[in-house]
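Student: So you can see what is in the structure, the chains are spelled out below.
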Amino acid sequence: MPKERSNMLKSKKMILNVIACVSVSTVVVFFFNNCTRNEPTPEESLMPLEQEVDNAHQVAKVQNLQGETLDIRQTLESYLSLLQLTRDDLGGDLTAVIAELSRRRTLLPQEPDSKTLDMVGILSQTSLAGEVCRVFVTKKGPTSPLFSGVDLTKNPKTSPTSNWINTFHRLALQAWGRSMSNDELTSVVNFVNESVQASAKSPNVNKTDSISGLNFNVESTNLGIMLCTAVLVAPEATSL
Amino acid sequence: MFYKRRLCIDVLLFVLLVTYDTAVLAQALPTKSINDFAPQAKTLFERITGVKVPLIDSRVQAMAERLLKNDLEGAVSIPIKDPLFTNVKARNLALRLTNKSNSVNVDFNDTAALILGIIRDNTDFREIFTAPYYYDVASAASYGNPNSFYFTNSLIEADTNFLDLNAGLVKIANQRIPLSVGVGQITKINAEFNAKKTDAQERNKKMHAVLLTAQQPDPAGVLTTQGFAKTQYSGGTNRRPVEFVVKNFLCSSMPEIGDASASDAYVGKDVDRFFGGSYSNYTNNCKSCHTVMDGFRGAFAKVNYNNFYGAALSGRQSMAHGSFSKNTNPSHQKWLNDVINYGTLKTELEAKGQMSTLYKNLSTALVRDYTLATKSFVPSAPVTFAEAQDLEIFRNQVSMLAPEQLNTQYMAFIKANPTVNPQELDARIALGHINDMTNNPIKPGSASDLFLKFVTAKMPAAWSFYKKEAYVYAIKNFKAVKGTAVYLSVETNKTLVGTPFSSVLPTLAAVGSPLRSSILKDSSAAGKVVDANVNNNWLAANSFIIYFRSTADLILSKNVSEIVESNKINFDYIYANKNNANIKNEYGPNCVGLASVKTASSFFQCELEYKKEKSILASYILSKMSANKAPAEVIQGVTYFFNTNPTPIFPNAYIGFRRGAWYAYLQSIDNYYEHASGGFDVNTEVANKMTGGADPNGYTITDDSFVNLASDSYGWRGPYASGGSGLNQFGHMIADSKAFSSCMTQKVYTSLCIQPQAPAAGASTAEKISFAKQSAELKTSLKKWTFQFESSGYKIKDLYKQMSMDPNCNLMRSYEISQIIDGSTSNLVNKNAKGAK
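So the sequence lines, in the order shown, correspond to chains G and W.
The first sequence begins at 182 in this note's numbering and counts up by one.
The second sequence begins at 7 in this note's numbering and counts up by one.
Looking at chain G on its own, in the form it has when it is part of the complex:
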């Protein structure tokens, strides 16, 4: 076999491989990017950090809140909307949410920027977000794609840590409209690792509660609520 022909065939093969790979990748990327959503992902395969193209604009928006003060009703409506909850979804929990709403009504900062944020305001927002997240996790958690790969009926360690982190990632994408930054990811990884380890030592590690006919592991439910709350309480979850 002449050398040229051999080279040509090699080139051809390589080109075909490239075309095939590109085609397959394209198909996979565009049509099957969610195909593993319902399966626990290996711990080492975290979701890629897709920095939003317009991330700079998002940052600018947080600092640019003309005409918008932070009203408790507005905050609650945003929390519900971001979690795709309706007033009807709250059902019997509406009373508890309203009670929290009343308690925190006058305690929110006037504007959600760094100049007016204070500890009372942050804690109040956190408390309200926590109440909404409690309802969300216990009512929608088991079936929500946001918690895919996470088993809320078993202790947190049962689910891969990466799945907990991906849950946060998905929540952030939904609420903030962008992926996490590297710094944020580092914080979340540390937080999840510490929480999972701490829950393993908790006396409630295998304790379950029955809520609306479903069994929830106490520690996993709490971790889910914490992740949800952490996302909602960020300024980006309420700033427009």
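There are no misleading hints in this set.
Selected chain G positions facing chain W (Cβ under 7 Å, derived; list incomplete):
#1 Asp252
#2 Gln255
#3 Glu258
#4 Ser259
#5 Ser262
#6 Leu263
#7 Ile279
#8 Ser283
#9 Gln355
#10 Leu421
Keep in mind that the hints were calculated from the coordinates and are not lab data.
Every residue, glycine too, gets a C-beta built ideally from N, C-alpha and C.
Got chain G; can you put chain W on it based on the hints?
Tutor: Frame of chain G; chain W shown alone:
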């Protein structure tokens, strides 16, 4: 071979080239999908509704689909029509307009509801100053209860219960103004509600009958809402609403709108022309603002926000209007005279004593005492009243009952108790326990029906005689129900008229009366004016005091006789030393100086009023009660009685007592009412607070006319541009002005758009130029939007819609879209949020 190879390579290269070029072209001109427009749709939705949404939200996806089809208006319509727009964005705008701080952290009230309703319904926004209607929240539990609406701001429930305002706001035709409140009716309805657990809506309907309202004489949108009145018309001189309107609705301030060159002919008398002793102080510091402000404030001359009289009702305040005050002045004066000043009844009491209307009314009040809730009394174990006076009292009581009422109740009772002893039946009637008898109507034609018709219609004389005998039977067989005010009163009476209390102590000690504990906890409770809405204990306590007083003449006269007969006081010595300082101090300077000091009753009356419970008479009675082992609550109640109110037997008895007794009586017959305060000149209808001050150069307000002395730069237009009369015309003047539409446009802009950011220090020249350009464009846009707002009929929703689509609102970014703007096609290529950088 070579060529073949070359050809093959060329073909491959060609294929690759074509593939590459196609890929590059595809990348350069990608086919847009819904997902490409989703971020833009999300931004628009969030800024328009004020609520964050995820990209996956169905509404965002629907908007993106329309954006893909270049249907920007269709896309923007989605959030505009969404309930969140009303519940958050529009609500926030409405709330900010209700307070001077422009904060959203304030209570939702009828002012905000009116503004929000007008936005939701997309009606002419100028009507916020001219509307004769108002909005209420139908989904609130207190909906339809005027008592809540006018006095306690029931609309706050919209927020506290997280109600959907978009669906819940209802428009109600005519604004009204409260005139008077019948507290007795409220008590009755509340009692009925609590006892039967009646449906709340049912109770609210009944409440309508309790609060008497009249149509607002000068409706002017928010200016005649309770929320606005509460903050702007309460106290002061009605200059506060002028400043508020100028600030919130014209986006100006008093110093800005003031005009030092304008005439100060309308500046009020309360503005000192020689402030600090210098006229120039006035011209330099006061005049400028007051010329315009006082010219405007005439519009508010006939409005006030003040209290309904009555100590039990402090805090029950509402808007009042001069014309209403004038029209109801006769009833107001009568109410003042009868209830507050007690004029005619006092005179009659002095003349007729126990035969006076008041005295009879007290007895009736007792008979109908609400504390007799059980309405059951057993005519057994007779308690004999030795004094004939007692019988007379009860006869008076019964005489106050209408015969027809007696007949009705009589018939009903016979039906329920066919074997009843007639004497017992009449005993019940005589003692006022008619409410105990069933109200079921007698079946027409029944034996009971025929019997009663016969008795009442054919034998009036017999009926009268029968009743009289019944009274005697009733008195002889009287035994009050334990725990009631009557029971305690009777036992007290017996103690004081000489019956040893120890004989009744065992039964009295067993009484589990709420009255007992309430008096023990707070002795003054017994005499406090009744809060008839909630606390029956007050009624019980008050009734006890009333009963005690109604028989106090007897009690006191008997004890006075005992004191005199036992020589416990030497009147001759007192009269002889009436100028002695010690004697004066001991018995009261007026008492010892009375010519009638030797008349025991006059002296005891005077001394009782002077020294209260430390007086001779009070000390004697209280010590006697203690000796007879009267229960603590009884002694405390009587002590309170001595300390607060002298007895009604004396002509100059303390007015407070009569008022309290009168209140109780009116309440007991559901005729007690509160009347809105006067505070207006009867002839001019002008609020008294508008005419204060004494500066001789000041303007005297005699009507609600106003003049507009502000600069033409505010763009005054319409029939009342230069002035008018009353709130509605003032509202028209404001709403018709160019400044109003411009101000509202600015407020919508700041609540919706992303403003250009001023360049930071050290910014490049290009950045500064860019900012200057954007600012200039914005100024032009604001004028354009104001024009659009006016030409489209002042529709706030439409303004939001138009503005959100405009490039200068900076909500359009990072995508390409063509659409019609202002009649020309604009290509918004990579607008990319100019101001957000």
